[in-house]
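Novice: Chain by chain, the residues:
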Amino acid sequence: MVTVRFFAMLRGLAKAEVKEYEIGSPITVGELKEMIKKDFPALTGLIDSRSLLVSVNQEFANRDTAVKDGDEVGFLPPFSGG
Amino acid sequence: MSNLNKKGYYTVQLVRIQLEDFSIDQEVKNVMAASNGIGGVTIFLGAARDFSKGESITGLDFEHYPGMAEKKLLDIRERALNNFNIIEMGIVHRVGKIDIGENIVLIVAASAHRNDAFMACEWAITELKRVTPIWKRETTGKGDVWVSETP
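Protein chains in written order, with my numbering: chain A, 1 to 82; chain B, 1 to 151.
Source of the hints: derived by calculation from the structure; they are not laboratory data. Please read all numbers here as calculations on a predicted model, not as lab measurements. Be careful, since some hints might not be right.
What the hints assert, rightly or not - Footprint (simulated), chain A over chain B, 3 or more residues, beta carbon under 8 Å: (1) 24 to 33; (2) 129 to 137; (3) 142 to 148.
For every residue, glycine included, the Cβ atom is placed at its ideal position computed from N, Cα and C.
This is chain A alone, in the form it adopts within the complex (with noise of 0.2 Å):
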């Protein structure tokens, strides 16, 4: 199971907090990235901007960094923090 997580307006537009995906072998972020853009539309602008970072296991990750079983995947728009 991969758990993702949605944040500040990704939550928003996904109306979900967070979603789990069975994986049976290991997948990259831009494979998982197309699996959350089927099943949440709205997110396509925004997972498809340059702007939108990507964490597994609450580290930075790219298009081609592995997501495994057990890791945690985070969606996170720009931050505004300070």
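Use these hints to put chain B onto chain A, whose structure you have.
Specialist: Relative to the frame of chain A, chain B by itself:
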């Protein structure tokens, strides 16, 4: 509270994310407890202002990625200690609802001489805005909006 000392010591009390307001005085004292060699302390205080991009703001609400956000702040402190000639640094960021005029974030940088503290403090708040998964929602006359860019 346990004693905080020595450069590079893992001190979770100095780096926190919390709902409650903080005392600037207390945070400065916590950082200064690190060493009697501290001769200069610089602080940056971020506060909730009542306007943004021409809109009037009546309140703020901050959300963070629990775990990751704390880790990023601890990492900023570590890098500041490694890359600047400072003795100690504290970082406190609030989340949840914050009223206009209230404190949001505090950076305290302490060094033997002032210039190192000024430089580390400026770097730390800029880095915080860049890498810390914290999001701000502003309450405006048109409703609540997530802020997607940090100036």
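Novice: Does each hint fit the structure? Answer for all of them.
Specialist: Hint check results:
| no. | hint | in the structure |
| --- | --- | --- |
| 1 | 24 to 33 | violated (count 0) |
| 2 | 129 to 137 | holds (count 9) |
| 3 | 142 to 148 | holds (count 3) |
Violated hint: 1 only; the structure is consistent with all others.
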